[in-house]
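K.L.:
Model the full structure from these sequences, guided by the hints.
Going line by line, the protein sequences match chains A and B.
Under my numbering, the first residue of the first sequence carries the number 1, and numbering increases by one thereafter.
Under my numbering, the first residue of the second sequence carries the number 1001, and numbering increases by one thereafter.
Rather than coming from a laboratory, the hints here were simulated on the basis of the structure.
Fair warning: there could be bad hints in the mix.
To be verified - Partial list, computed: chain A residues near chain B (C-beta under 10 angstroms):
id : residue
1  : His36
2  : His97
3  : Thr132
4  : His195
What the hints assert, rightly or not - With a straight-line Cα cutoff of 27 angstroms, these simulated BS3-like cross-link-like pairs (lysine-lysine) come out:
id : chain 1 : residue 1 : chain 2 : residue 2
5  : B       : Lys1016   : A       : Lys16
6  : A       : Lys86     : B       : Lys1089
7  : B       : Lys1210   : A       : Lys89
8  : A       : Lys210    : A       : Lys86
9  : B       : Lys1210   : B       : Lys1043
10 : B       : Lys1086   : A       : Lys86
11 : A       : Lys43     : B       : Lys1086
12 : A       : Lys16     : B       : Lys1043
13 : B       : Lys1210   : B       : Lys1086
14 : A       : Lys308    : B       : Lys1043
15 : A       : Lys43     : A       : Lys16
16 : A       : Lys330    : A       : Lys267
17 : B       : Lys1210   : A       : Lys43
Remember, predicted model here, so these are calculated numbers, not experimental data.
Backbone N, C-alpha and C fix where the C-beta goes; we use that ideal spot for every residue, glycine too.
There are 2 protein chains.
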Amino acid sequence: MAVYLDNNATTALDEKVLDVMLPYMGQVTGNPSSVHRFGRLQKDAIEQARESVAQLVGARAEQVIFTSGGTESNNLLLNGFSQRNKGCKIAVSAIEHMSLLEPALQLVPEAEIIAADENGCIRLEAVQQTVTEQASLISVMMANNETGVIQNLSPLIDFAVEQNCFFHTDASQVAGKVALDFVASGVHAMTISAHKLYGPIGVGALILDKRLPLSKIQFGGSQEKNLRAGTENVPAIVGFGKAASLAIDELQATSSHLRNLRDALEKGLKELSAISIFAEQAERLPNTVQFGIDGFDGETMLMQLDRKAIAVSSGSACTSGKTEPSHVLKAMRVPDVLANSAIRVSFGKNNTMSDVQALLLALRDIIEINQQSPVMMAATV
Amino acid sequence: MAVYLDNNATTALDEKVLDVMLPYMGQVTGNPSSVHRFGRLQKDAIEQARESVAQLVGARAEQVIFTSGGTESNNLLLNGFSQRNKGCKIAVSAIEHMSLLEPALQLVPEAEIIAADENGCIRLEAVQQTVTEQASLISVMMANNETGVIQNLSPLIDFAVEQNCFFHTDASQVAGKVALDFVASGVHAMTISAHKLYGPIGVGALILDKRLPLSKIQFGGSQEKNLRAGTENVPAIVGFGKAASLAIDELQATSSHLRNLRDALEKGLKELSAISIFAEQAERLPNTVQFGIDGFDGETMLMQLDRKAIAVSSGSACTSGKTEPSHVLKAMRVPDVLANSAIRVSFGKNNTMSDVQALLLALRDIIEINQQSPVMMAATV
Chain A
1 MAVYLDNNAT TALDEKVLDV MLPYMGQVTG NPSSVHRFGR LQKDAIEQAR
51 ESVAQLVGAR AEQVIFTSGG TESNNLLLNG FSQRNKGCKI AVSAIEHMSL
101 LEPALQLVPE AEIIAADENG CIRLEAVQQT VTEQASLISV MMANNETGVI
151 QNLSPLIDFA VEQNCFFHTD ASQVAGKVAL DFVASGVHAM TISAHKLYGP
201 IGVGALILDK RLPLSKIQFG GSQEKNLRAG TENVPAIVGF GKAASLAIDE
251 LQATSSHLRN LRDALEKGLK ELSAISIFAE QAERLPNTVQ FGIDGFDGET
301 MLMQLDRKAI AVSSGSACTS GKTEPSHVLK AMRVPDVLAN SAIRVSFGKN
351 NTMSDVQALL LALRDIIEIN QQSPVMMAAT V
Chain B
1001 MAVYLDNNAT TALDEKVLDV MLPYMGQVTG NPSSVHRFGR LQKDAIEQAR
1051 ESVAQLVGAR AEQVIFTSGG TESNNLLLNG FSQRNKGCKI AVSAIEHMSL
1101 LEPALQLVPE AEIIAADENG CIRLEAVQQT VTEQASLISV MMANNETGVI
1151 QNLSPLIDFA VEQNCFFHTD ASQVAGKVAL DFVASGVHAM TISAHKLYGP
1201 IGVGALILDK RLPLSKIQFG GSQEKNLRAG TENVPAIVGF GKAASLAIDE
1251 LQATSSHLRN LRDALEKGLK ELSAISIFAE QAERLPNTVQ FGIDGFDGET
1301 MLMQLDRKAI AVSSGSACTS GKTEPSHVLK AMRVPDVLAN SAIRVSFGKN
1351 NTMSDVQALL LALRDIIEIN QQSPVMMAAT V
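P.N.:
Shown next as structure tokens:
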């Protein structure tokens, strides 16, 4: 039985989520834009899901714009904002997901990059140093997908508000693991994704304070308050709603379960030689551990673990296959050789303590074999 | 039991399609960008689906770019082309779906509009008259979603090729109803959508000849040959593959079944008073009839039919709720009052001859009641 420890890349769809999606997959059809009874049924289902997603993030239903996923949400925010506010100045952190960083740099070439400290934290001083001119939009992710570092956003949001600047945060990795309160936090926009919280792939949301001026970037129909043309993905949206409701109900239990697994793994890792846990001193997501193993290549280790039927990642799934060290670890001034040895373990609610033990055992085996016979290890690569 | 006659808006998911999707909804998880076994399994499933979709349209697998749907495919084509070829000249037909027409006009404000004739056909002379300067891209849909008119694209494609100009066609309404041959047709890009052919919502494709230069418009990961960032919607893509395979197998039987229903409806309509079938003289999709009823308002008729549990549309679902007459009928010089009376019936493979009879009976009832007592009809509106 293979062990899946890559839940920051994607989570397995919850059976209870699938159950509510199935009636919208063939039994009931209709385009939610249609005005007849088939269409109205679909429309109602969307609005019910919107309420649940709003509740998960502490927003009002009308602030939820459904998209095809987190990548589209980040692109809608960046592209929609820069289209609407020509010549705007924006600042984004150095540790953002590529779906935020790449559009920022492509669409606003003069975008400023806010540095991270060695713990992977974005400090107010860094924001103040970077955002010297009047910026229109600052984006700092709530928790990093690789290291799991959770940002202390309050002072950054206060700074943005003082500067009359909008603030966006990518909370894709946070929803379902830590409580969210969009309205109380003061952020103007937030990205979330269903398949990171046991919901379906193919749907995400941009939570949007209407004061933030945004153009649509996908044209055609006037769906989603005229901000996202295209037939709504009803079964996925319905599933997102259910995943959100479950996440609210299970938040305490899931977080505590994940934390137990994470703590057990970190304890075990410290008994192995030459392991460095990245951002160990920072507040982190309860499910994520990223570490380097001195003298090992991360991609090779990943494949060695895969042969032992254990799935981990070396960093973000979206940048897999790239040979460069992670831009997140680079931003934290981790030396390249250590960054290249990175392994990310991200637990999900379905993992158990025996998965932790299986991973520790496998790591110990691989490290010991290599220490006994480095050539043999290299030969199997 | 309600009768669904709005299959150009969306079709019901085929049970056989759902069956192949289910294993990818929870039982097997993994991000296709991940290099471990879970990820590879997802990747393999995508590539298998790509083969099936390619086969449906007569393309090579590497020409299939999966998107979140037809709207995104049209936007990727228009936006990606205009980004990559700054200052390019484009020409689009007046009867395109809004997901083509709106981005064309938004992104290339000087885009030229090719006129339709009174039968809803785009004639070579109209293209020649419009495209006087060197154009870089011409887009004419293969079959219209409202009238069902199928274009004779060959002379238009030949003209484009002579002019050293790329040619795109939106074939969303054609796939599964009429055989397609992307390579042989000489078009450079083609839009298709899964949920129009009994596949899942949330997935479409842009079939792309690599000679057509395109920029990505959604940034982040390098999925889909670096043309569409974002985690692939694996269950939907797998479902699209199966829907494509079924469409190939069932093409003859489905087309002939649809044509029988359509012909029976048209025969019945002609026995009613004051009915005009739009584009009656043109070659049309086997499943689509759009007609006007003298003295009636289309939206009102639609709601009257809805009360009798029959679902039709007045035009495109994506423009439902708009009070203006259809831009397609306007382009055909249909008088506004007749255009405003439009009803579109679009059959699907699940419809039966008794659905046709139910619709004809309901229409006769409504028309007769109104003729006997026009005031009563108005009062119920």
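K.L.:
The structure should be examined with respect to each hint, and the outcome stated for every one.
P.N.:
Tested hints:
1. His36: Hint on histidine 36 of chain A: holds, closest Cβ of chain B at ~4 angstroms, below 10 angstroms.
2. His97: Because about 7 angstroms separates histidine 97 of chain A from the closest Cβ in chain B, which is inside the 10 angstroms limit, the hint holds.
3. Thr132: With a closest approach of 26 angstroms, the threonine 132 of chain A hint is violated.
4. His195: holds (7 angstroms)
5. B:Lys1016 - A:Lys16: holds (22 angstroms)
6. A:Lys86 - B:Lys1089: Holds, at about 23 angstroms.
7. B:Lys1210 - A:Lys89: Since the Cα atoms of lysine 1210 of chain B and lysine 89 of chain A sit roughly 35 angstroms apart, the hinted pair is violated (cutoff 27 angstroms).
8. A:Lys210 - A:Lys86: Between lysine 210 of chain A and lysine 86 of chain A the Cα gap is close to 18 angstroms, so the pair holds against 27 angstroms.
9. B:Lys1210 - B:Lys1043: holds (22 angstroms)
10. B:Lys1086 - A:Lys86: The given pair, whose Cα atoms are some 18 angstroms apart, holds under the 27 angstroms limit.
11. A:Lys43 - B:Lys1086: violated (39 angstroms)
12. A:Lys16 - B:Lys1043: Judged against 27 angstroms, a Cα distance of about 26 angstroms means the pair holds.
13. B:Lys1210 - B:Lys1086: The given pair, whose Cα atoms are some 18 angstroms apart, holds under the 27 angstroms limit.
14. A:Lys308 - B:Lys1043: Holds. Lysine 308 of chain A to lysine 1043 of chain B sits at ~20 angstroms (cutoff 27 angstroms).
15. A:Lys43 - A:Lys16: Holds: lysine 43 of chain A and lysine 16 of chain A sit about 21 angstroms apart, inside 27 angstroms.
16. A:Lys330 - A:Lys267: Measuring from Cα to Cα gives roughly 26 angstroms; hence the hint holds.
17. B:Lys1210 - A:Lys43: The given pair, whose Cα atoms are some 38 angstroms apart, is violated under the 27 angstroms limit.
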